[in-house]
Structure formats: C-alpha cells, structure tokens
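Next come the chains, spelled out residue by residue.
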Amino acid sequence: MNASATTANAPMPAVITALYEKFGESAFVRQHTAEGMPTLWVGRDKVMAVLRYLRDEHRPRYEMLLDVTAIDERTRINRQGQPASDFTVVYHPTSFSGNCDIRIKVALPMHDLNMPTAIPLWSSANWQEREIWDLFGIVFTGHPNLSRILCPPTWKGHALRKDHPARATEMEPYVMSDEIQDREQEALRFKPEEWGLTRRSENSEFMFLNFGPNHPAAHGVIRFALQLDGENVLDVVPDVGYHHRGAEKMAERQTWHTFIPYTDRIDYLGGVMNNLPYVMAVEKMAGIKVPQRVEVIRVMLAEFFRICSHLLFYGTWAVDLGQLSPLFYCFVDREKAFNIIESITGARMHPGWFRIGGVAQDLPKGWDKLIREFVDYFPARLAEYDKMVMANSVIRQRTRGVGVIDTAGAFDWAMTGPALRATGLEWDYRKQRPYSGYENFDFEVPIGVNGDCYDRASVRVEEMRQSCRIIRQCLENMPEGPYKADHPLTTPPIKEKSKLDIETLINHFLSVSWGPVMDPTEVTMTIEATKGLNMYYMVNDGGIGSYRTRIRTPSFIHIQAIPYLSRGLMLADFTAVVATTDFVMADVDR
Amino acid sequence: MFEFVVGSPLNIVLILGAVLVTAALLIWVERRVLGFLNERLGPNRCGPFGIAQSLADVGKLITKEDWVPPFADKMPFIVAPVIVPVVMLLSFAVIPLAPGVGIMDLNVGLLWVLAMAGLGAYSAMLGGLASNNKFSLLGGLRAAGQMISYEVFMGISILGVVILSDSFNLREIVEAQHKHGWFVFSQFIGFIIFVIAGLAETKRWPFDLAEGEAEIISGFNTEYSGMKFGLFFVGEYIGMLLLAALIPVLFFGGWYAPFEWLELPNAIISGIFWMCVKTGFWIFFFILVRAALVRPRYDQLMNYGWLVMLPLSLINLLVTGAVVLAQGN
Chain A
-10 MNASATTANA
0 PMPAVITALY
10 EKFGESAFVR
20 QHTAEGMPTL
30 WVGRDKVMAV
40 LRYLRDEHRP
50 RYEMLLDVTA
60 IDERTRINRQ
70 GQPASDFTVV
80 YHPTSFSGNC
90 DIRIKVALPM
100 HDLNMPTAIP
110 LWSSANWQER
120 EIWDLFGIVF
130 TGHPNLSRIL
140 CPPTWKGHAL
150 RKDHPARATE
160 MEPYVMSDEI
170 QDREQEALRF
180 KPEEWGLTRR
190 SENSEFMFLN
200 FGPNHPAAHG
210 VIRFALQLDG
220 ENVLDVVPDV
230 GYHHRGAEKM
240 AERQTWHTFI
250 PYTDRIDYLG
260 GVMNNLPYVM
270 AVEKMAGIKV
280 PQRVEVIRVM
290 LAEFFRICSH
300 LLFYGTWAVD
310 LGQLSPLFYC
320 FVDREKAFNI
330 IESITGARMH
340 PGWFRIGGVA
350 QDLPKGWDKL
360 IREFVDYFPA
370 RLAEYDKMVM
380 ANSVIRQRTR
390 GVGVIDTAGA
400 FDWAMTGPAL
410 RATGLEWDYR
420 KQRPYSGYEN
430 FDFEVPIGVN
440 GDCYDRASVR
450 VEEMRQSCRI
460 IRQCLENMPE
470 GPYKADHPLT
480 TPPIKEKSKL
490 DIETLINHFL
500 SVSWGPVMDP
510 TEVTMTIEAT
520 KGLNMYYMVN
530 DGGIGSYRTR
540 IRTPSFIHIQ
550 AIPYLSRGLM
560 LADFTAVVAT
570 TDFVMADVDR
Chain B
9 MFEFVVGSPL
19 NIVLILGAVL
29 VTAALLIWVE
39 RRVLGFLNER
49 LGPNRCGPFG
59 IAQSLADVGK
69 LITKEDWVPP
79 FADKMPFIVA
89 PVIVPVVMLL
99 SFAVIPLAPG
109 VGIMDLNVGL
119 LWVLAMAGLG
129 AYSAMLGGLA
139 SNNKFSLLGG
149 LRAAGQMISY
159 EVFMGISILG
169 VVILSDSFNL
179 REIVEAQHKH
189 GWFVFSQFIG
199 FIIFVIAGLA
209 ETKRWPFDLA
219 EGEAEIISGF
229 NTEYSGMKFG
239 LFFVGEYIGM
249 LLLAALIPVL
259 FFGGWYAPFE
269 WLELPNAIIS
279 GIFWMCVKTG
289 FWIFFFILVR
299 AALVRPRYDQ
309 LMNYGWLVML
319 PLSLINLLVT
329 GAVVLAQGN
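The listed protein sequences correspond, in order, to chains A and B. So the first sequence is numbered by this note's numbering: it starts at -10 and just counts up by one. So the second sequence is numbered by this note's numbering: it starts at 9 and just counts up by one.
Possibly wrong hints are sitting among the right ones.
Reference excerpt, derived from the structure (chain A facing chain B, CB under 7 Å, subset only) [as the list claims (entries may be wrong)]: (1) 203; (2) 205; (3) 206; (4) 309; (5) 311; (6) 314; (7) 317; (8) 321; (9) 381; (10) 383; (11) 384; (12) 387; (13) 560; (14) 564.
Just so you know, these hints were derived from the structure itself, not from any lab. Every value quoted in this text rests on a predicted model; they were computed, and no experiment measured them. Where is the CB? At the ideal position from N, CA and C, for every residue including glycine.
Bound-form chain A, shown alone (with noise of 0.2 Å):
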C-alpha cells in the first residue's frame, strides 16, 4: 500500500488554504506524506515572511517552533515532485492552541549556502541554527553566534552531509602530534568576550567560574561558563557536545531495524521510552497496525521508565539543594522498578526491547505479581517523600519563584513536558494527541501555577503517580493476543510462517538480513518522552535504512533556556534551576 497516495486524496488542510489565500499558491509546492502532516515548499525569500504570518496571523496560532533541521538531498533518488534541492532546510512550527503542526520546506543549491536567521521569531532557534551550521554548513546570516557546538572547534567538514565519512575506518588513522595537541588546547582556551562575556563592569571585576564539564551537579558532561559577581550569576553560557556519539549519522548506516538500540542510548533515562517513536514512525510508512496487546505492554514499559526517569530527577534535585537522603530512597525505588523491567525485557537501563510491528518477547510468566507489588508499595512511598522533600519549608523557600518561565517564554524557548506544563499550560501529547492507545488510559494531566523551579517539580512527581495509576490499569486491562503484528513487514517476523513453505523462507531469510523495505517517503512521530516532546522526523529513499533521521530531543533545546532562567540568581540557585531542567547529556549532544 502506497501511504503518500492515500494522504494525497484527503481534504486540504486549513492551514495550507490559509497560506495560499495569503502568499498566493504559486509561492508554495505541497508535498504528500506518510502521517499526512501539511508540509509546503517556499523559496528562500518569503519563508520568514510565511514563519512568521504562522506564529503571529494565522489562527489557530503556531506560537513554538518546534524543531528545525536539514537534510542533505544530493544522494536522495527518489524525490518525485519535489523542488530541486541540494540540502533541504526544515521547519517545524507547531500549534498548541490547535492541536496541528505543519512542516515548511525551504531548497538551498550547493552554490550558495545562505538562510536567514529565525532567531527574530523564536529564541529557541539559536542552537538549532548552529547544530545545522555545525553539521551541515548552511550559514544563517544574522546568527549572533554561528559557531560549532556539536563537533569540537577545531573540527573539518560537516559531519550530516552524505559526502563526510561515518566510520572512522572510512578516514586516515588519527595520530595526534604536539603540534596538533597544542592548536587543539588553544581552541578550547576560554576567552570571555567570543562567548559574549564582559569581564568587569564599572563597580567590579568579574569572576568566571567553570560549572563542568565535571561537575557534581551538572548532570553529565556539560560546562556553564557562569559570570559572577560575588555569588550572583550575571550570566550563563552552557557549552555542549562532550557526548556527541553522531546517533543521527549512525541512523543513516544502519538498517530500520539494527537501529534500534541505537535510540535507548539517546535519553538514557528513559529507555524503551526511545524505542516508541522511532517503531511508531516505521510503523506508520509500512502501514503496520500493531494488536492491541502490543500498544498496552509498550505503554506499561514507557510508564516504568518515566517513572524512574523522574525518581532520578527527585532524588537529585533534593541532593542539589542540599538533602540526602531522598537520593538514596529514590534509588531504592528505581531498583525496584529496574527489576521489574529486567524480569520482562532482560536488560535495565536500555533494553531496545520493542520491535517494528511488536515487541520482542511476550510478558514472563508471573509477570503480573511483580508489577501488582510496585503499584502496590509506590505511591505510599511517594506521599512520604512529599513530606520530606515537597511539604519542607527549606526547600520551598529556596525553589519558589526561582527561575520562572512563563507560558509565552516557554513558547519562545519550545520547552515542552514538565516544564511546559508547570506554567500552567495543560498540554500533553498523550491527551491531545493520543498515540499507541493512550486514549484508552484513565489519567490526568498535572500542572504547574507559577513555571518556577518547585512547580516544575511537582509537575513531576504527579506525573509519577499519573504512571502509577497507567500501569495498574494495564495491569488490570492486558489483552490477550500476539506480541507481534501479523504483517509481511514486522521485523523480525514470525517465525512459524517460515517453516511452510519455500517463499515465506525467504521472505523470512530477507526479512532478517535486511528488515522492511518501504516505499519512499517522509514520517514524522513525537512522543511525551520523560523529558519532553521526543520527535523522530525520517526521510525514506526507499532502502533498507533511513535516509536522513532526524531525532528532536527536548534535552538540547531546554538547556537553551537556562541562561534566560538563571540570569540574576545565586550560585546555588543556579543548581536548583539546572537540576529541575532535568536534561540528560546523552539525550542533548545525541
């Protein structure tokens, strides 16, 4: 079944209407894909134009941006109906107030490299641009800071164009001699003016002090360079990319299906959580409709892991402001549910446990005692550590009102999840737009008043007892059928079919060296990952693999927004403000 010409036949969207009543047709080319999101082409000239008619105009408003990428489409084959383009950049405007994304394409030749800067439009464009810059190497002019962030300053080549080597066995032996040490260490010199630090002002002289990249509570590899006046944080410069592992570009080797693990080790903390929109997008470009036991098993397992996503994030946060305790019983939680987790899918922390089409095992025997005896023990243990950690004087007075985002800013930052919601805003992908059956759940949306750090907190915590009760109902609701779709194109497939007859043996024999081969096209797939949205945008040549993956982490896109939440705080309210981003390295750099 061709996808794009089912899509094809349904009614224009009014967004799409809208956008020809205004900038004429002709300024537009329309695209047909696989999950049927408008997606438009418009020249480089009137894209700003167009963005910002989207945010400002049109209503239902498009107040984030989403994501933006590229893609490389010199080697791409099949491109029917499409602009010429030799890379493709692409916007992703998304609209909270009505529920509805769209996809904006802009076609650069190679010869002349050039966008414009949306960073006018939206704040949280900034990184984006320069992960494209870094990657890519399409310049955005009135970028304030077009520097590399990903890759290490000193690097050559783009390391996302088709044309940049993948394997480090593709490239000369790396030797590194004095010389190139020492123009590698004077790279990394730090000179507070390129990162648009002032070194005194009239009355003092500022320190600048090094938050990382080994820093307890920086959660990870990553480096604020923080100017200070005394204890106040004038201003803060996150420096990332000490965990680049290049996911993007490994996905663009692999096969749809060897791919798979790759994406656990993307938000480490969330585990299978990473392997549900990627199956999701596969799913939806080979058509595969998976058996209702399938979606109710995937959302048990994304709920144990969002749980002890946010059981780490509680713990840490109270360790940061200076608590220790609640460290360790949240681990002793999390213990607990990995457990669990292991007893089903045989590993802890990245299982790469769900399949194209399924999942890899059904349910062990005597799965359901375990799961009964957590749903039964956690949420006592929650309330207590709402009077340790949540009710405590202390604590309150140091987190509320601290680093405060309202709704409109976190628009502009597209912070989403937790953070989104604690201002307020009661926006969850699984109500609004309910994937894998999560229409089917009982549950609510926790939210926040003020967007500051407490609030951010215990958007969390209530969405551990949210899971909690997601989990008992799965528990108590698990349908009985097959772990795997009864479709040609379920990966691996199944294996009784082989041993009939000589066509479904090498059906099967293909199906296992090379996995699905689906027909071109592009899918996007967003999930409420523990973190935030969690979006896999994937361009299909029609191959064994992806053509270009493009994985939006909410991680990278918070840590933008740290400095605008700490500007004027002291020093330990800056580990409070960092500690309730909850951001995982792996999840940022990718």
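For chain A, the structure is supplied; the task is to place chain B on it using the hints.
Frame of chain A; chain B shown alone:
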C-alpha cells in the same frame, strides 16, 4: 589507686586519647548510622561491623602523596588544615567530664571555648584562599562570613547561662545547675540558639555551606588530599564532639544524672558515664539532622542569622538579666 586531679598528666593522656579515638570512631558511626537512615548499609567490610573503617582510612590518607598544587599559596595551604584539630583539641581542655576529670579548670573557660572556636574560622578561610581555586575561594568566603556571624549569636546566647550561674567557669556552671536545675528550662531560647549557632560554627549539615558539594564542590577543601584533607575531616568531627559535650555542660547539668537516684556509686565513674550518655545523645541528634534537613541558601542563612537569631538572643539576654535583677532585689 590513681588520684584524679584536674590537669594531672594521667588526665591529659587519657582525655586526649579518648577524644582522638572517639573522633575517629565517630566517622564510622556517622557513616554507618546515615547508611541505615538512607536504606543502605554503610561501611561494613573492615573489621566487625566495619568498625575498623577509620583505621583503614587513616592508613590510606597517610600513605597518599602529600601534594600541594603548584598554583597554591604554599605556607597557608599547609598551615590551614592543622588549625582546626589543634584549636578544637585546645577547647576540649576546659570541658569538665567529671569531678576531678579534665585538663584545665579555667575561670574564663567559656570564653576560652569561644575564642578557640573563633580561631577555627581561620582554617577554612585560609584553606579556601590559599588554594587559589575559584570554588575554594567561594567556600572560604562563605566560611568566613558564616562563622563570624554565627559566633556573635553563639556568644550572646550563652550569656544568659553566665548570668544565672554567675560564672564563666564551666565547672561552676555545672554545679550551679545541680543547685538550680538544668538551664535548658530556664534558658530555653538560649539553648535553641546555641545549638543552631553551634551547628553553623562546626559547619555541620545543614550549615555546611562552605563545603556545599552541589554547588561549590567541597568548597574550601576542594584542593586538599591525603592527610591534609584528613586533618580537616578529623577536625570537623572533634568539633562535633566538642559541641555535643558542651551542650550538656551548659544546659543539661553536665556530669550529674538527671535524678539523684540515677547517680552511680562512684562520683567519677558516674560523671563520666552521664557525660558519655548526654554527649552520645547529641551526636546522634546531629547525625539525624544531617539525614533529614536541607541546606539553606547562603543569603537566607545570613538573613536568618542577623534578622532572627540576633534579636532573639538579645531579647533572651535582656529578659534573663531583668528577671535576675528583679529576684535579686
């Protein structure tokens, strides 16, 4: 038969030995108790129940390279860690453990303790500044500010005790309590302020802002390793022991049992026994505090000190003085 006289060599040797051994044991006790409070085991591998853990730690710290960072200010860097244990031990000299058991019987014993504790502030300050590290600098500054401020309230908070017992001599304070009843009842506000200020003075949780591992990574002792770090560490525990012994002396009747009929037959044994019980209680209390409380922010700590503690301790002093005057008349 040994004769127990304050200041006899036997007294000095025994008390010094007991304090050092207790401080070392305390490190293990604290880690072990904290472990149980945190649903984990704590150090349990070294000797029975891990009791020899401190011995192993000392062995490790002594055999480590005695390293001074090349960018540090050498002299103060080396002197700083020595100050804490020395002044804390000196303070211990005036603590009365039982009748006839102690090292010094100073008329100004209480002032001596305050003076020594004041000197202790230099340790963290010098260490922080001499390390030439920004985190240490912040820690040193915090230590200086915090200890100097809290010393003020600490001094004022115990003046009520001095008025009631009419003496700075710790032995006389104990005797006065034997006569008039424990000062914890008549000086309750002073007692509360003294405990809080004492925690801040010894940089115990939750007032360990000078170390604040979440934000300034151990603060003033970031650059210290080996036995130099060990001295800071042991100094902190002697300080905790000192505070835990000082609270009973000032507010809980010192070496006397709570009730007459609980006194053991031998006055010295009874005194030491009851001092140990009371000190142990307070040590356990400090460990519980560490497991339960949250560290306040630096400015909150200072505000709390100057805006709450100082007025309270002054009012306490005024009221005590007025009442004593009125009764005297």
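Hints versus structure:
1. 203: Not OK, violated: residue 203 (chain A) not within 7 Å of chain B, min 9 Å.
2. 205: OK, holds: residue 205 (chain A) within 7 Å of chain B, min 6 Å.
3. 206: holds, 5 Å
4. 309: Nearest chain B Cβ about 4 Å off; hint holds.
5. 311: holds, 3 Å
6. 314: At about 5 Å, which falls below the 7 Å cut-off, the nearest Cβ of chain B leaves the hint on residue 314 (chain A) intact, so it holds.
7. 317: With Cβ-Cβ at 4 Å, under 7 Å, it holds.
8. 321: Holds - the Cβ of residue 321 (chain A) comes within 7 Å of chain B, reaching about 5 Å at its closest.
9. 381: holds, 6 Å
10. 383: holds, 4 Å
11. 384: holds, 5 Å
12. 387: holds, 6 Å
13. 560: Cβ of residue 560 (chain A) sits 5 Å from chain B, so the hint holds.
14. 564: holds, 5 Å
Comparing the model with each numbered hint stated earlier shows that hint 1 is the single one that does not hold.
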